[in-house]
Amino acid sequence: MSEPEIATTETAPRQSPRGLDRPFMQRRAEFEEALARNASARGAEAGASLPRASLWSDAFHRFMKNRASVVAAVAFLLLLAFVIFVPWLSNEDPYAIDFSQAYQSPSWSHPFGTDGFGRDLFIRTALGGRVSFAIGFAATFAIMVVGIVYGATAGFLGGHVDNALMRFLDALYGLPYLPFAIMTLAVFGTVNFWTMVVALTIASWFTTARVMRGQIITLKQNDYVRAAYAVGAKGPRVLYRHLLMNTLGVIIVFVFLELPGVILGEAFLSFLGLGINPPKASWGTLAQDGYTAYATHPYIIVIPSICIAWLILSAFFIADGLRDALDPRTKEA
Amino acid sequence: MPLLEVEDLRTYFKTREGEVHAVDGVSFEVEEGSVLGIVGESGCGKSVTSLSIMGLVQSPGRVVSGSIRFEGRELTTMSDKALEDVRGMQISMIFQDPMTSLNPTLTIGTQITETIRRHLGLSKAEADKRAIQLLEEVHIPDAARRMRDYPHRFSGGMRQRVMIAMALSCNPKLLIADEPTTALDVTVQAGVLETLDELRRDHGMTMIIISHNMGVIAETAEQVLVMYAGQIVEQASVIDLFDRPEHPYTEALLGSLPHIDDHDPRNDRLATIPGRPPDLLVPPEACRFAPRCKYAGIDDCSKVQPELREIRTGHWVRSRHPASERSAEPVGAR
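If you're matching them up, the sequences are chains A and B in order. Residue numbering for the first sequence follows numbering that gives the first Met the number 0, starting at 0 and increasing by one per position. Residue numbering for the second sequence follows numbering that gives the first Met the number 0, starting at 0 and increasing by one per position.
Treat the hints with care, as some may be off.
What the hints assert, rightly or not - Simulated restraints, written as ranges between beta carbons of each label pair:
no., chain 1, residue 1, chain 2, residue 2, range
1, B, Pro103, A, Asn162, 42 to 50 Å
2, B, Thr186, A, Ala163, 48 to 56 Å
3, B, Asn212, A, Leu312, 55 to 63 Å
4, A, Asn162, B, Gly254, 45 to 53 Å
5, B, Gly120, A, Trp55, 44 to 52 Å
6, A, Leu177, B, Gly120, 52 to 60 Å
What the hints assert, rightly or not - Think about it this way: if two alpha-carbon atoms lie no more than 27 Å apart in a straight line, the pair counts; the simulated BS3-like pairs of lysine-lysine are:
no., chain 1, residue 1, chain 2, residue 2
7, B, Lys302, A, Lys233
8, A, Lys219, B, Lys13
9, B, Lys80, A, Lys233
10, A, Lys233, B, Lys172
11, B, Lys80, B, Lys172
12, B, Lys123, B, Lys80
13, B, Lys123, B, Lys13
14, A, Lys233, B, Lys293
15, B, Lys123, A, Lys233
16, B, Lys80, A, Lys219
Hints in this document: simulated from the structure, not taken from any laboratory. Note that beta-carbon positions come from the ideal geometry of N, C-alpha and C, so glycine has one too.
Using the sequences and the accompanying hints, generate a full structural model.
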């Protein structure tokens with residue numbers, strides 16, 4: 000572009016660089032045209048250059064940036080793999096009693112040693128883990144279902160229904176956790192996988208319900224919920240699409256917070272002798288077996304305890320990472 | 000028959016201290032194809048009026064009395080189920096803050112097509128086509144591709160355009176725009192208003208536009224309601240209202256707009272209206288504007304509520320001292 004010309008003589012027609020001599024409307028039209036050209040060019044560029052990102056891929060990237068959580072996730076998967084694959088690949092019989100092999104310290108043939116009946120603890124720990132994990136996952140799932148339905152109902156309906164449901168929950172909150180679970184088991188009379196799941200669920204769904212209710216009430220205030228109603232959305236649709244779907248992040252985080260609690264609860268009950276019946280085992284009953292001989296053969300109690308601690312720690316760190324990753328407010332990716 | 004008739008609408012909110020009379024006896028009509036502007040300061044009942052029409056007043060608020068008739072059908076006594084079909088299909092609404100009016104976890108395509116499919120019963124492909132067409136109508140470039148984007152990838156003005164597209168998706172007869180441009184940049188405002196106007200013409204839609212911005216009202220509305228403390232204080236055509244405002248409140252509102260034509264605004268303070276609106280918990284028996292009115296005091300302004308009266312054809316005012324009836328300067332002159 001050439002230098003702006005500055006009128007030097009009086010006789011030359013004034014030619015201002017901004018073209019102020021042209022009529023206003025003409026200048027305005029030119030300006031608008033330029034603006035439109037610019038805008039469409041910018042629009043096309045923006046559309047092309049920005050990478051397409053979904054909520055989940057964003058969350059995944061954020062999670063991968065949190066080193067502690069990634070380590071925890073790997074640890075969790077390793078433990079899960081141990082529990083799943085070891086009983087498959089091993090040809091050791093977990094129930095074979097051989098007193099000549101009793102109380103063997105960890106060695107190549109028995110990596111975790113043997114117990115008082117001479118049973119291999121490596122495979123028993125893996126099998127016990129299966130039981131612990133299965134009970135943990137099943138009870139967590141049940142807790143989520145019960146808690147979400149209860150909490151979402153209270154939060155969505157509000158008013159008197161909410162009040163009644165929450166006061167009932169408050170009353171249940173007053174009961175201590177373990178006696179509640181023990182009582183439930185006593186009512187059933189037997190301890191097996193399913194009664195254990197039910198007992199743990201009954202004793203620990205309260206917090207999930209409360210958190211869900213709080214989430215739903217918060218989300219209900221959102222403008223987009225009001226806007227959805229304004230364009231004619233129906234109640235159940237709003238509840239599902241705009242409220243429940245938006246709590247998904249919280250629910251996922253809560254699964255990983257609830258899981259270790261439930262597994263610890265199961266271990267605790269088993270340790271007290273209220274666990275799965277022998278010869279089957281969970282980490283809790285294995286630890287209880289070890290308790291009787293802890294002075295002479297400490298590895299029997301230490302190994303299942305480490306497994307439980309490993310699981311709980313990794314789940315908590317995963318939950319921590321997930322919470323940060325799924326929170327849309329942590330935008331920088 | 001007018002498209003919408005509101006008669007003596009009263010919407011109160013229950014609070015611990017008592018009932019707040021947010022909308023207190025509002026009546027107006029909207030003719031098919033016209034644009035009604037509602038103007039007033041924050042808390043005067045503009046938004047509550049529109050939410051009442053939509054049947055979206057939330058507890059602890061409720062429509063206490065009055066009637067709202069849309070095409071002759073009474074909305075206040077309609078069942079929730081029937082109302083759901085009126086909302087979106089017949090009357091639609093867009094809100095002030097486009098940043099929070101879209102669900103952040105769904106693509107805008109999903110959010111638009113959902114409404115279309117539910118109300119019009121179209122297939123997925125047809126709904127997609129219609130949504131793209133709508134987005135093009137509100138001037139979103141590259142509409143087909145933007146369908147798959149999440150709301151956080153849109154600017155405020157774009158989001159408001161998406162909201163408009165959504166509100167228009169089922170061809171409503173009446174669109175209520177509650178402060179549609181308040182949250183936007185001034186430059187974006189003009190564009191959004193222009194689009195709204197264009198769409199209104201194309202679709203033959205009736206519109207109620209709510210704003211506290213006199214400029215927005217002047218540009219868009221045909222008829223104007225001025226609200227103050229839950230009541231209508233003046234009603235006139237837009238030209239008459241801006242040329243010959245009658246109510247002291249309207250005069251003061253217009254007087255408090257900055258002018259750049261006659262003097263330098265930087266050297267002058269902006270004119271303001273002294274005082275605050277009355278407490279709507281116990282609305283005064285008197286004229287509600289009396290404590291702030293510079294003409295009040297010569298007669299029983301502080302005792303009796305003035306009625307809304309037609310001071311000339313099509314121009315209604317609720318004041319004892321409308322501009323055209325004043326002879327002298329204010330008595331309690333400031």
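task: Hints the structure violates: just list their numbers, smallest first.
output: 1, 5, 7, 13 and 14
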